[in-house]
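Visitor: Start counting the sequence shown at 14; every next residue gets the next number (this note's numbering).
If you're looking for bench data, these hints aren't it; they were derived computationally from the structure.
Virtual Cβ for every residue (Gly too), placed ideally from N, Cα, C.
One should not assume that every hint holds.
[Unchecked claim] Restraint-style ranges between C-beta atoms, simulated for each label pair:
#1 R115 <-> T20: 20 to 30 Å
#2 K43 <-> A84: 18 to 28 Å
#3 Y23 <-> D224: 21 to 31 Å
#4 T205 <-> Y23: 30 to 40 Å
[Unchecked claim] Derived lysine-lysine pairs resembling DSS-like cross-links, with alpha carbons at most 25 Å apart:
#5 K43 <-> K64
#6 K102 <-> K201
#7 K220 <-> K201
#8 K19 <-> K64
#9 K220 <-> K43
#10 K64 <-> K102
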Amino acid sequence: FLISLKTDSYASVRSFRLQDLLSQAPALRKATVNVEETTLSHQVQRAFGTKLRELVITGSNLRTILPDAFAGLTTHELTIRISGTLVSKFPDGLLRYLPDVRYLTLDLRNNRLTSMGPGVLAAITRDGPVTYQTQHITGGVLLEENPWSCSCELLWLGRWLRRWLRETFHVHMLSVEASLYVNSVSRKATCTVSGSNVSLAIIDLRKSDVDCHQAVGGTSPPARMDLSLLTFLSLGALLLPISFACSVL
(Lines of atoms letter the chains of each structure in order from A; the text may use other names.)
(Lines give C-alpha, C1' and ligand atoms only; values in the text may rest on other atoms or scores of the structure.)
Protein backbone atom coordinates (compact mmCIF):
# COMPACT_ATOMS: atom_id res chain seq x y z
CA PHE A 14 0.00 0.00 0.00
CA LEU A 15 1.11 3.58 -0.69
CA ILE A 16 1.81 5.26 2.66
CA SER A 17 3.84 8.31 1.60
CA LEU A 18 3.52 10.63 -1.40
CA LYS A 19 5.33 13.69 -2.70
CA THR A 20 3.81 15.56 -5.63
CA ASP A 21 3.44 18.92 -7.32
CA SER A 22 0.05 20.50 -7.94
CA TYR A 23 0.79 20.66 -11.70
CA ALA A 24 -0.81 24.03 -12.32
CA SER A 25 -0.28 23.72 -16.08
CA VAL A 26 -2.28 20.47 -16.28
CA ARG A 27 -5.93 21.48 -16.19
CA SER A 28 -7.19 17.93 -15.79
CA PHE A 29 -4.93 17.11 -12.82
CA ARG A 30 -6.91 16.34 -9.66
CA LEU A 31 -5.15 15.01 -6.60
CA GLN A 32 -8.44 13.61 -5.34
CA ASP A 33 -8.68 11.35 -8.40
CA LEU A 34 -5.04 10.32 -8.13
CA LEU A 35 -5.40 9.19 -4.51
CA SER A 36 -8.83 7.60 -4.71
CA GLN A 37 -7.17 4.17 -4.52
CA ALA A 38 -4.68 5.06 -1.75
CA PRO A 39 -6.66 4.67 1.49
CA ALA A 40 -3.55 3.78 3.52
CA LEU A 41 -1.71 7.05 2.78
CA ARG A 42 -0.21 8.48 5.98
CA LYS A 43 1.99 11.34 4.74
CA ALA A 44 1.52 13.66 1.78
CA THR A 45 3.81 16.47 0.64
CA VAL A 46 2.30 18.81 -1.93
CA ASN A 47 4.35 21.48 -3.67
CA VAL A 48 1.78 24.08 -4.70
CA GLU A 49 2.86 25.75 -7.93
CA GLU A 50 0.02 28.28 -7.91
CA THR A 51 0.00 31.51 -5.88
CA THR A 52 -3.18 30.47 -4.06
CA LEU A 53 -4.05 27.27 -2.18
CA SER A 54 -7.75 26.73 -2.74
CA HIS A 55 -9.02 23.42 -4.17
CA GLN A 56 -5.76 21.53 -4.65
CA VAL A 57 -5.91 19.27 -1.56
CA GLN A 58 -9.62 19.43 -0.78
CA ARG A 59 -11.17 15.99 -0.09
CA ALA A 60 -8.09 14.29 -1.47
CA PHE A 61 -7.07 12.13 1.49
CA GLY A 62 -8.38 9.21 3.50
CA THR A 63 -8.85 8.89 7.23
CA LYS A 64 -5.39 7.39 7.82
CA LEU A 65 -3.51 10.54 6.82
CA ARG A 66 -1.33 11.74 9.70
CA GLU A 67 0.84 14.43 8.12
CA LEU A 68 0.11 16.95 5.37
CA VAL A 69 2.99 19.12 4.17
CA ILE A 70 2.30 22.17 2.01
CA THR A 71 5.20 23.96 0.31
CA GLY A 72 5.51 26.31 -2.64
CA SER A 73 7.90 29.11 -3.49
CA ASN A 74 5.09 30.91 -5.36
CA LEU A 75 2.39 30.36 -2.74
CA ARG A 76 1.13 33.62 -1.22
CA THR A 77 -2.49 33.03 -0.23
CA ILE A 78 -4.36 30.24 1.54
CA LEU A 79 -8.16 30.30 1.41
CA PRO A 80 -10.21 29.41 4.52
CA ASP A 81 -11.67 26.27 2.92
CA ALA A 82 -8.36 24.98 1.55
CA PHE A 83 -8.39 22.02 3.96
CA ALA A 84 -12.05 21.10 3.56
CA GLY A 85 -12.65 17.36 3.55
CA LEU A 86 -9.84 16.32 5.89
CA THR A 87 -11.59 13.80 8.13
CA THR A 88 -8.63 12.13 9.82
CA HIS A 89 -8.62 11.75 13.61
CA GLU A 90 -5.02 12.85 14.21
CA LEU A 91 -3.15 15.25 11.93
CA THR A 92 -0.08 17.44 11.66
CA ILE A 93 -0.33 20.21 9.06
CA ARG A 94 3.00 21.70 8.02
CA ILE A 95 3.10 24.82 5.85
CA SER A 96 6.63 25.96 5.04
CA GLY A 97 8.84 27.47 2.38
CA THR A 98 6.10 29.77 1.09
CA LEU A 99 5.55 33.50 0.60
CA VAL A 100 2.48 33.46 2.84
CA SER A 101 2.52 36.54 5.09
CA LYS A 102 -0.97 36.17 6.53
CA PHE A 103 -3.34 33.31 7.24
CA PRO A 104 -7.11 33.75 6.89
CA ASP A 105 -9.59 33.78 9.74
CA GLY A 106 -11.38 30.46 10.02
CA LEU A 107 -8.37 28.42 8.91
CA LEU A 108 -9.54 25.53 11.13
CA ARG A 109 -13.22 25.80 10.26
CA TYR A 110 -13.19 22.76 8.01
CA LEU A 111 -11.27 20.48 10.39
CA PRO A 112 -14.01 19.50 12.88
CA ASP A 113 -13.11 15.80 12.77
CA VAL A 114 -9.45 16.31 13.70
CA ARG A 115 -9.24 15.77 17.46
CA TYR A 116 -5.43 15.78 17.76
CA LEU A 117 -4.10 18.64 15.65
CA THR A 118 -0.60 20.07 15.38
CA LEU A 119 0.17 23.15 13.26
CA ASP A 120 3.69 23.73 11.97
CA LEU A 121 3.84 27.19 10.39
CA ARG A 122 7.60 27.62 10.38
CA ASN A 123 9.64 29.18 7.59
CA ASN A 124 7.12 31.42 5.87
CA ARG A 125 6.79 35.23 5.65
CA LEU A 126 4.44 35.75 8.59
CA THR A 127 4.65 39.14 10.30
CA SER A 128 1.35 39.11 12.19
CA MET A 129 -1.67 36.90 12.78
CA GLY A 130 -5.26 37.60 13.81
CA PRO A 131 -7.00 35.65 16.60
CA GLY A 132 -9.54 34.27 14.14
CA VAL A 133 -6.85 32.13 12.50
CA LEU A 134 -6.57 29.70 15.42
CA ALA A 135 -10.13 30.10 16.68
CA ALA A 136 -11.99 26.94 17.66
CA ILE A 137 -15.25 26.53 15.76
CA THR A 138 -18.18 25.60 18.02
CA ARG A 139 -21.94 25.48 17.63
CA ASP A 140 -22.05 28.99 19.07
CA GLY A 141 -19.47 30.29 16.62
CA PRO A 142 -15.70 30.91 16.78
CA VAL A 143 -14.03 30.80 20.22
CA THR A 144 -10.89 32.88 20.02
CA TYR A 145 -8.89 31.89 23.08
CA GLN A 146 -9.69 28.19 23.36
CA THR A 147 -6.50 26.18 22.88
CA GLN A 148 -7.10 22.48 23.41
CA HIS A 149 -8.47 21.94 19.90
CA ILE A 150 -4.80 22.22 18.85
CA THR A 151 -3.45 19.63 21.26
CA GLY A 152 -0.05 19.36 19.58
CA GLY A 153 0.58 23.09 19.68
CA VAL A 154 1.68 25.61 17.06
CA LEU A 155 5.23 26.04 15.76
CA LEU A 156 5.90 29.60 14.62
CA GLU A 157 9.62 30.23 14.32
CA GLU A 158 11.56 31.22 11.19
CA ASN A 159 9.07 33.97 10.35
CA PRO A 160 9.73 37.75 10.36
CA TRP A 161 7.23 38.45 13.16
CA SER A 162 6.84 42.08 14.17
CA CYS A 163 6.25 42.81 17.86
CA SER A 164 3.01 44.80 17.78
CA CYS A 165 -0.31 45.23 19.53
CA GLU A 166 -1.84 42.90 16.94
CA LEU A 167 0.40 40.07 18.16
CA LEU A 168 -0.37 40.36 21.88
CA TRP A 169 -3.25 37.91 21.65
CA LEU A 170 -0.89 35.26 20.28
CA GLY A 171 1.39 35.56 23.29
CA ARG A 172 -1.65 35.13 25.55
CA TRP A 173 -2.84 32.18 23.49
CA LEU A 174 0.52 30.41 23.78
CA ARG A 175 0.69 30.99 27.54
CA ARG A 176 -2.82 29.66 27.97
CA TRP A 177 -1.99 26.60 25.88
CA LEU A 178 0.91 25.84 28.21
CA ARG A 179 -1.21 26.33 31.34
CA GLU A 180 -4.13 24.22 30.11
CA THR A 181 -1.88 21.45 28.87
CA PHE A 182 -0.06 21.48 32.20
CA HIS A 183 -3.21 20.32 33.95
CA VAL A 184 -3.89 17.24 31.85
CA HIS A 185 -0.56 15.84 30.55
CA MET A 186 2.75 14.66 31.94
CA LEU A 187 6.23 14.35 30.41
CA SER A 188 9.64 13.17 31.48
CA VAL A 189 11.92 15.95 32.69
CA GLU A 190 14.10 15.68 29.58
CA ALA A 191 11.20 15.91 27.15
CA SER A 192 9.65 18.73 29.17
CA LEU A 193 12.79 20.83 29.05
CA TYR A 194 13.03 20.27 25.30
CA VAL A 195 9.43 21.32 24.67
CA ASN A 196 9.84 24.35 26.93
CA SER A 197 12.84 25.40 24.85
CA VAL A 198 11.00 24.88 21.56
CA SER A 199 8.00 26.93 22.73
CA ARG A 200 10.26 29.97 23.13
CA LYS A 201 11.98 29.78 19.76
CA ALA A 202 9.34 31.89 18.01
CA THR A 203 10.44 35.50 18.36
CA CYS A 204 9.34 38.89 17.07
CA THR A 205 11.37 42.02 16.41
CA VAL A 206 10.60 45.31 18.13
CA SER A 207 9.95 48.01 15.52
CA GLY A 208 12.87 50.36 14.97
CA SER A 209 15.36 48.18 16.80
CA ASN A 210 17.25 44.92 16.64
CA VAL A 211 15.63 43.67 19.84
CA SER A 212 13.94 40.28 19.62
CA LEU A 213 11.43 38.93 22.13
CA ALA A 214 9.90 35.51 22.54
CA ILE A 215 6.28 35.84 21.38
CA ILE A 216 5.14 33.81 24.37
CA ASP A 217 6.56 36.55 26.65
CA LEU A 218 5.20 39.53 24.68
CA ARG A 219 3.34 42.11 26.83
CA LYS A 220 1.70 45.49 26.22
CA SER A 221 4.62 47.24 27.87
CA ASP A 222 6.87 45.90 25.11
CA VAL A 223 4.94 47.47 22.23
CA ASP A 224 3.57 50.79 23.59
CA CYS A 225 -0.05 49.96 22.85
CA HIS A 226 -1.13 52.61 25.36
CA GLN A 227 -0.05 55.33 22.94
CA ALA A 228 -2.59 54.09 20.40
CA VAL A 229 -5.48 54.31 22.86
CA GLY A 230 -5.02 57.75 24.36
CA GLY A 231 -1.83 57.45 26.38
CA THR A 232 -3.06 55.33 29.25
CA SER A 233 -0.40 53.56 31.22
CA PRO A 234 0.33 49.97 30.27
CA PRO A 235 -0.06 47.25 32.86
CA ALA A 236 3.05 46.12 34.71
CA ARG A 237 4.85 43.08 33.40
CA MET A 238 4.13 39.80 35.09
CA ASP A 239 6.29 39.36 38.17
CA LEU A 240 9.13 36.88 38.23
CA SER A 241 7.38 34.38 40.49
CA LEU A 242 4.50 33.97 38.06
CA LEU A 243 6.86 33.72 35.12
CA THR A 244 8.68 31.00 36.99
CA PHE A 245 5.38 29.20 37.57
CA LEU A 246 4.56 29.30 33.88
CA SER A 247 8.01 28.01 33.01
CA LEU A 248 7.57 25.17 35.45
CA GLY A 249 4.17 24.52 33.93
CA ALA A 250 5.95 23.59 30.73
CA LEU A 251 7.46 20.63 32.58
CA LEU A 252 4.18 18.78 32.07
CA LEU A 253 3.36 18.96 28.37
CA PRO A 254 1.94 16.38 25.91
CA ILE A 255 4.40 13.88 24.54
CA SER A 256 2.65 14.09 21.17
CA PHE A 257 3.88 17.66 20.79
CA ALA A 258 7.45 16.69 21.63
CA CYS A 259 7.33 13.95 19.02
CA SER A 260 5.91 16.25 16.37
CA VAL A 261 8.89 18.58 16.55
CA LEU A 262 11.59 15.90 16.67
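Visitor: Holds or violated: K220 and K43, Cα atoms, limit 25 Å.
Guide: Cα-Cα ~40 Å, so violated.
Visitor: Determine whether the Cβ-Cβ distance between R115 and T20 falls within the hinted range of 20 to 30 Å.
Guide: holds, 27 Å
Visitor: Given the hinted pair K19 and K64, is their Cα-Cα distance within 25 Å?
Guide: Holds. K19 to K64 sits at ~16 Å (cutoff 25 Å).
Visitor: A range of 30 to 40 Å was offered for this pair. Does it hold for the Cβ distance of T205 and Y23?
Guide: holds, 38 Å
Visitor: Do the Cβ positions of Y23 and D224 conform to the proposed distance bound of 21 to 31 Å?
Guide: violated, 48 Å
Visitor: Is it true that the CA of K43 sits at most 25 Å from the CA of K64?
Guide: The given pair, whose Cα atoms are some 9 Å apart, holds under the 25 Å limit.
Visitor: With the threshold set at 25 Å, check whether the alpha-carbon distance from K64 to K102 stays at or below it.
Guide: violated, 29 Å
Visitor: Is K220 close enough to K201, meaning Cα to Cα at most 25 Å?
Guide: holds, 20 Å
Visitor: Using the beta carbons of K43 and A84, state whether their distance is inside 18 to 28 Å or not.
Guide: holds, 20 Å
Visitor: Are the Cα positions of K102 and K201 separated by 25 Å at most?
Guide: Roughly 20 Å separates the two Cα atoms, so the pair holds.
Of the numbered hints stated above, those contradicted by the structure are hints 3, 9, 10, listed in ascending order.
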